[in-house]
Amino acid sequence: MTAPSTSLTQQMMRRRPVIGAPIAHGASDHLERSIGTFQLTLFGVGATVGTGIFFVLSSAVPEAGPATVISFIIAGIAAGLSAICYAEMASAVPVSGSTYSYAYTTLGEFVAMGIAACLLLEYGVSISAVAVGWSGYLNKLLDNLFGVQIPQALSAAPWDTTPGLINLPAVILIIMCALLLIRGASESALVNTIMVMIKLGVLLLFCVIALTAFNTDHFQGFMDSGWAGINAAASTIFFSYIGLDAVSTAGDEVKNPQKTMPRAIIGALLVVTSVYLLVTISALGAQPTEEFASEEQANAGLSVILENLTGSTWASTVLAAGAVISIFSVALVVMYGQTRILFAMGRDGLLPSLFARVNPRTMTPVNNTVIVAVVVAILAGIVPLDYLLDMVSIGTLVAFITVSVGVIVLRVREPDLPRGFKVPLYPITPILSVLACVWVLRGLHWYTWAGFGVWVAAALLFYVFWGRRHSALNDGGDGYIPTAVPGEDDVLVVRPKDAP
Amino acid sequence: MTVAVGYLAGKAGRSALYLGAEAANTLKTSLAVVTVVPKPWTTPSPARIDAEYAAWADQLAADSHREAQASLRQIAEGLDVSFHKVASRTPGEGLLQAAKDLSADVLVAGSSSDGSLGQVVLGSTTDWLLHSSPIPVAISPRGYRGSKAGKLVRVTCACSGTPESVRVVERVRALAERLDVKMRVVSYAIRGRTMFPPEVGLHAEDSLLAEWAKQLREMLAKLKADGVVGDDVELVVVTGNGWDEALDDTEWEDGELLALGTSSRRTIKGVFLGSHGAKIIRYSPVPVLVLPS
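Listed in order, the protein sequences are those of chains A and B. Position 497 of the first sequence, counting from 1, maps to 497 under our numbering, and the rest follow consecutively. Position 116 of the second sequence, counting from 1, maps to 116 under our numbering, and the rest follow consecutively.
Possibly wrong hints are sitting among the right ones.
[To be verified] Straight-line distance between alpha carbons at most 30 angstroms, and here's what the computed DSBU-like set of lysine-lysine pairs gives:
| id | chain 1 | residue 1 | chain 2 | residue 2 |
| --- | --- | --- | --- | --- |
| 1 | B | K85 | B | K28 |
| 2 | A | K422 | B | K222 |
| 3 | A | K255 | B | K214 |
| 4 | B | K100 | B | K151 |
| 5 | B | K151 | B | K182 |
| 6 | A | K259 | B | K182 |
| 7 | B | K182 | A | K255 |
| 8 | B | K11 | B | K39 |
| 9 | A | K255 | B | K222 |
| 10 | B | K182 | B | K148 |
| 11 | B | K279 | B | K148 |
| 12 | A | K259 | B | K222 |
| 13 | B | K11 | B | K28 |
| 14 | B | K222 | B | K182 |
| 15 | B | K279 | B | K100 |
| 16 | B | K28 | B | K100 |
| 17 | A | K422 | A | K259 |
| 18 | B | K11 | B | K151 |
| 19 | B | K214 | A | K259 |
| 20 | A | K422 | B | K214 |
| 21 | B | K214 | B | K182 |
| 22 | B | K100 | B | K11 |
What the hints contain is simulated information worked out from the structure, not anything from laboratory work. Bear in mind the structure is a predicted one, so any value in this text is a computation, not a measurement.
Throw the hints in and build the complete structure from the sequences for me.
Shown next, in the form of structure tokens:
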């Protein structure tokens, strides 16, 4: 690799072209386009509806009372603002890198690397944390069903409050996800679809049972907590909407991405919001608001409501099974997103091209998936992650802000670029989206910011010493990334009758 | 502004007259029937044979005129039809000369009678025309008797994806808009033969074909995205094990016209049929229009 002749500032500011971006030496140029709108929508739902909805009510309802419904709507709108910004960017720049690629296209290489650090943190820590949570639910499910539990030594990290040896179920979950992802993207999407259907089914079952005990009296004193309470609850609830951005990591693998991506993001937002509202309304109608604050609800979430209503434990077993499946799909989609972001970075030359090598048979980045699985499994199996979770929120919100700013930048720089979807009420929507994220960010602690800053700084140092010298933009790389052509599905393909 | 049809009694049948009348109807212009007869030896000569030869040529022209008139009486009602006799050393040159003198929009010719009915078969004259004409040349299938609708319904443009062929698509679009008919763009991907002994495996050509079809698909989608064709234009990629199969697998409507450009291998302006174009024409069941570059 020859020494770049351009100055550091020029390198930091250079942007990836929207069409015809170069491929780094040794990287594969594309993945297989196999995912359709429906499966992609369920990707978004799968990544978003995790365990949040099972537990968020026990912290939100004491703050806002019955007006938690309004908090959900407000949080949905706030998250929806960034979601539609994602929809526009995904339709204009349909590649797998999500926010990282959008930042690279609009704000330059340096910012892109910083955002990449945010995303890797967000996705990496989420998978580990989710896997650790899964191990807890699995234990509970086994306990409910068979009365057995996995020994403490094999279900807790060495540095947990009650130390163990390794969190084996978490590691197994990650290995299962990795195998599925190596097998193929469309296979993973299919499995995810099934799991999301089960997950939504379990939540609907909850609603049906809870609605049998619906009592309008529980909604009395609707606005008693006032706007302060509603706002506080909304900012808690906001986090249960995070995950819609996972859709945008599938840019290289969906059919007709210019149309599919915005549809899937907005579709997922609508599904998630309506499911959340249904669950909230039925839960609020089923029991008095004071009961949400009880100790056991904080520990066992929605299943307590069902146990109280049905007077038996089968309902809580169903919910625990729902949670096990639900978390599996979260881990799968988030891990998928992680590998695709690394793929995009490897292809752009900002990471070693090892990350962007695709197995020609399965059309999946195998090396990349294995590396992610190993790192994440070590994190999940050994490191307790509770204190890292706030850093995930910062990473996500910074990514949201970048996308909203990116929408404005791209509109100014490339007004004629074909976009399958345009943000309504431009430029108000992206600006409001930025404000909403800043509003949620202000509640985080300074030490979270400090930890976050150290991580991003490390990534940027890597860029200064390695990335900028290997970026595919230095020498044009090995060719050009084939850009998805809008409207490809309008073209009819006639094949001979005997062809497979 | 007219449609010129080459017609000679006893040659190539009446299919060209039907196509010419249809074209003139669609273009709302006049029809000029051109008969090319051998150029007699004009040097004064005492030999009787030359005078006989000239008389025979005149007779041939008169026969052609009469036959053409008889046919057109039924099919070209309300059309402004004129008849022209051109003396030339070769039929192709004569037709081009006449087309130039009449400032024709398009030159229509029939298939050779060597082929089977319903196919476009190039004879020596049409083959020559397709390698030298400066104006579009339309060729009717053998035995063509016009569409049931009596007019052109759809224009299909065959497009290979080269920049030249994209320009052809643009011109066909202009034509389709002028004639107010539907348009379709078709690209063909034909499988190469399996190598024997199969040193690269038996499926090497399959993956090539798949890749070719994929690229054509993207190319066609891009035509629409770039606004080269309108939103209502049908886009089709046809793959096949051979050109015959691919052309058979394509859906053809009654009153369809297949338009294609000429090879990009030629530098000067004019029609020059390429190898793919020749194969498409050979298996086309509908009249073909070849546009010069």
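To see whether the hints hold, each was checked on the structure:
no. : hint            : verdict
1   : B/K85 - B/K28   : 23 angstroms, holds
2   : A/K422 - B/K222 : 20 angstroms, holds
3   : A/K255 - B/K214 : 13 angstroms, holds
4   : B/K100 - B/K151 : 26 angstroms, holds
5   : B/K151 - B/K182 : 12 angstroms, holds
6   : A/K259 - B/K182 : 26 angstroms, holds
7   : B/K182 - A/K255 : 28 angstroms, holds
8   : B/K11 - B/K39   : 18 angstroms, holds
9   : A/K255 - B/K222 : 15 angstroms, holds
10  : B/K182 - B/K148 : 17 angstroms, holds
11  : B/K279 - B/K148 : 26 angstroms, holds
12  : A/K259 - B/K222 : 15 angstroms, holds
13  : B/K11 - B/K28   : 27 angstroms, holds
14  : B/K222 - B/K182 : 19 angstroms, holds
15  : B/K279 - B/K100 : 28 angstroms, holds
16  : B/K28 - B/K100  : 19 angstroms, holds
17  : A/K422 - A/K259 : 11 angstroms, holds
18  : B/K11 - B/K151  : 25 angstroms, holds
19  : B/K214 - A/K259 : 19 angstroms, holds
20  : A/K422 - B/K214 : 28 angstroms, holds
21  : B/K214 - B/K182 : 25 angstroms, holds
22  : B/K100 - B/K11  : 23 angstroms, holds
The structure is consistent with each of the numbered hints, conforming to all of them.
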